[in-house]
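Engineer: Residue numbers (numbering that gives the first Met the number 0): 0 to 572.
These are calculated hints, taken from the structure and not from any lab test.
Among these hints, one or two may not hold up.
Said to hold, decoys possible - Derived pair list, reagent style DSS-like, types lysine-lysine, alpha-carbon separation capped at 25 Å:
hint, residue 1, residue 2
1, 58, 571
2, 361, 345
3, 36, 357
4, 58, 345
5, 36, 58
6, 142, 177
7, 142, 212
8, 36, 361
9, 361, 571
10, 377, 212
11, 391, 377
12, 361, 391
13, 177, 377
14, 212, 177
15, 58, 177
16, 36, 571
17, 377, 142
18, 357, 345
19, 571, 377
20, 357, 571
21, 391, 529
Remember, predicted model here, so these are calculated numbers, not experimental data.
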Amino acid sequence: MADALLFNPRTYDPAHFDPETRRLLRATVDWFEERGKRRIIEDYRTRAWLGDFLDFAAKEGLFAAFLTPAAEAAGDAGKRWDTARIAALNEILGFYGLDYWYAWQVTILGLGPVWQSDNAAARARAAELLGQGEVFAFGLSEKAHGADIYSTDMLLTPDGEGGFRATGSKYYIGNGNKAGLVSVFGRRTDVEGPDGYVFFAADSRHPAYHLVKNVVDSSKYVSEFRLEDYPVTADDVLHTGRAAFDAALNTVNVGKFNLCTASIGICEHAMYEAVTHAQNRILYGRPVTAFPHVRRELTDAYVRLAGMKLFSDRAVDYFRTAGPDDRRYLLFNPMTKMKVATEGEKVIDLMWDVIAAKGFEKDNYFAQAAVEIRGLPKLEGTVHVNLALILKFMGNHLLAPAAYEPVPTRLDAADDAFLFRQGPARGLGSVRFHDWRPAFDAYDRLPNVARFREQADALCDFVRTAAPDEAQSRDLDLLLAVGQLFALVVHAQLVLEQAALTGLDDDVLDELFAVLVRDFSGHAVELHGKDSATEAQQAWALGAVRRPVVDEARTARVWARVEALSGAYEMKP
0 MADALLFNPR TYDPAHFDPE TRRLLRATVD WFEERGKRRI IEDYRTRAWL
50 GDFLDFAAKE GLFAAFLTPA AEAAGDAGKR WDTARIAALN EILGFYGLDY
100 WYAWQVTILG LGPVWQSDNA AARARAAELL GQGEVFAFGL SEKAHGADIY
150 STDMLLTPDG EGGFRATGSK YYIGNGNKAG LVSVFGRRTD VEGPDGYVFF
200 AADSRHPAYH LVKNVVDSSK YVSEFRLEDY PVTADDVLHT GRAAFDAALN
250 TVNVGKFNLC TASIGICEHA MYEAVTHAQN RILYGRPVTA FPHVRRELTD
300 AYVRLAGMKL FSDRAVDYFR TAGPDDRRYL LFNPMTKMKV ATEGEKVIDL
350 MWDVIAAKGF EKDNYFAQAA VEIRGLPKLE GTVHVNLALI LKFMGNHLLA
400 PAAYEPVPTR LDAADDAFLF RQGPARGLGS VRFHDWRPAF DAYDRLPNVA
450 RFREQADALC DFVRTAAPDE AQSRDLDLLL AVGQLFALVV HAQLVLEQAA
500 LTGLDDDVLD ELFAVLVRDF SGHAVELHGK DSATEAQQAW ALGAVRRPVV
550 DEARTARVWA RVEALSGAYE MKP
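Throw the hints in and build the complete structure from the sequences for me.
Structural biologist: Written out as structure tokens, the structure reads:
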């Protein structure tokens, strides 16, 4: 019997979506299943370009349907920017291979500055290119500066006719080899400061666009390209001045959300392989899964993966409900990118400890999963960058709740238009949140939820009485430890909200919170050991350590769910 928590291609039927979305998602699964495991792994090993997949996507109109906002859809009801179904496709593409997801992901990033632009001609061109099956690219990063957009060396010189000539290089640019449109960030040579920023559209097939190389050894084409005296007309200009800067950050806000569900897909496929192998491997006359430490590792992996899914699904609702007066997504978004992606690494590591050498075998999906899962925490801003970002919200989230109407589950066929009119990328410290405590109150009957609640309350006390002082606020090493503690509280809150909406099994939830209690204790001990931690902070840290509530019968019931994954799915050869 299939596990309702995990994606399984054998039983997948996204009936909660409209018929066309359902058809496209199922068609994508069927295309990969028909291709088969051997072909997918061989393409990964030989670094084959993803032309066949992109041809399939073009034929089905997949990218055009999912990535064209309703305002640019010319009345086509099947086209909209719907974060719920985008998340579903992320999970599917991650499940079969991150290379496929990456071509889709950087298309999303490339479209961000276009859909935010007031340039109607550029938007119409992008919609037309999508309809033709083209992919897109996001020309932001540079070799010398990374994504430091304050320091761009892509220079635009006025041509005297209302346009510019652009010269400069970009680096780490996915789809730079094939993109029909590349959104490129640069600065004018005749204007100083932020007023000189420009976002413009370039064509990778133009003779002044020079493709240098793929900077990675992969099917993903992560390009270096150079523009040499590239003509930029008024129709090519997407944003100027501060609006160009905001478009860059707001595009990343949209794009980074996709990393969590890709990570989930990777972990799900790997889990089927790992549990099936462990259950059928005989060691010292017993199945590997007879050993207590193996059961613990696989159970922990399973509940962590359940937590990833619960958090991400609930974050979709806040993303879709966002508006000028509700910017809670600005916290939950970097949380999905940072927390869920790093949880994915833990899930893979736990399973790899069990299957050991099997995880290296070239005929398994797991070998590529173990590599690809490492990339997601490092894309669209490192874990450290996103941890530092979420700290801006900590005081308001923990201590100053505001009144909001409850946010429902958002699976409706609606266009998420606000994502392309987010406005200025500032004012994070003023964002308010609903009270996190009711989510915990609803599950106070579960012993490990109650125990974690003690730790969350203790973190509030820390913020009130022992928060980093002015000098410590410059010690990023210490602040990151605090950020990990705060991230756990936010993670737990949305997990509980989604559990209540979906009727999640109490055993799975309490087993997950046993893991979260251990995680909080571990980060508290880490904070205790920081060089600059004060005596008050050290005392607080040790006082926040808790032991999870052990229930052997509960753990056995959750293990039975894990054990049932053996043989539940195997991709055809």
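Engineer: Quick one, are residue 391 and residue 529 close enough, alpha carbons at most 25 Å?
Structural biologist: With Cα atoms ~21 Å apart, residue 391 and residue 529 stay inside 25 Å; holds.
Engineer: Is the straight-line distance between the alpha-carbon of residue 142 and that of residue 177 25 Å or less?
Structural biologist: With Cα atoms ~20 Å apart, residue 142 and residue 177 stay inside 25 Å; holds.
Engineer: Run the distance test for residue 177 versus residue 377: straight-line Cα separation, threshold 25 Å.
Structural biologist: holds (24 Å)
Engineer: Just to be careful, I want the Cα atoms of residue 142 and residue 212 compared with a cutoff of 25 Å; is the pair within it?
Structural biologist: Holds, at about 13 Å.
Engineer: Checking one constraint from the list: CA of residue 377 to CA of residue 212, max 25 Å. Satisfied?
Structural biologist: Judged against 25 Å, a Cα distance of about 21 Å means the pair holds.
Engineer: Between the alpha carbons of residue 391 and residue 377, is the straight-line distance 25 Å or under?
Structural biologist: Distance ~21 Å between residue 391 and residue 377 Cα, so the pair holds.
Engineer: Would you check the hint for residue 58 and residue 571, treating anything up to 25 Å between C-alpha atoms as holding?
Structural biologist: With a Cα-Cα distance of about 24 Å, the restraint between residue 58 and residue 571 holds, given a limit of 25 Å.
Engineer: With the threshold set at 25 Å, check whether the alpha-carbon distance from residue 571 to residue 377 stays at or below it.
Structural biologist: violated (32 Å)
Engineer: Assess, step by step, whether the Cα of residue 212 is no farther than 25 Å from the Cα of residue 177, and give holds or violated.
Structural biologist: With Cα atoms ~12 Å apart, residue 212 and residue 177 stay inside 25 Å; holds.
Engineer: Between residue 361 and residue 345, does the CA-CA distance stay at or below 25 Å?
Structural biologist: Distance of about 22 Å is within 25 Å: holds.
Engineer: Going straight from one Cα to the other, do residue 377 and residue 142 come out at no more than 25 Å?
Structural biologist: holds (16 Å)
Engineer: What's the verdict on residue 36 and residue 361, does the C-alpha distance respect the 25 Å limit or exceed it?
Structural biologist: Measuring from Cα to Cα gives roughly 11 Å; hence the hint holds.
Checked against the numbered hints listed earlier, the structure breaks hints 4, 12 and 19; every other hint is satisfied.
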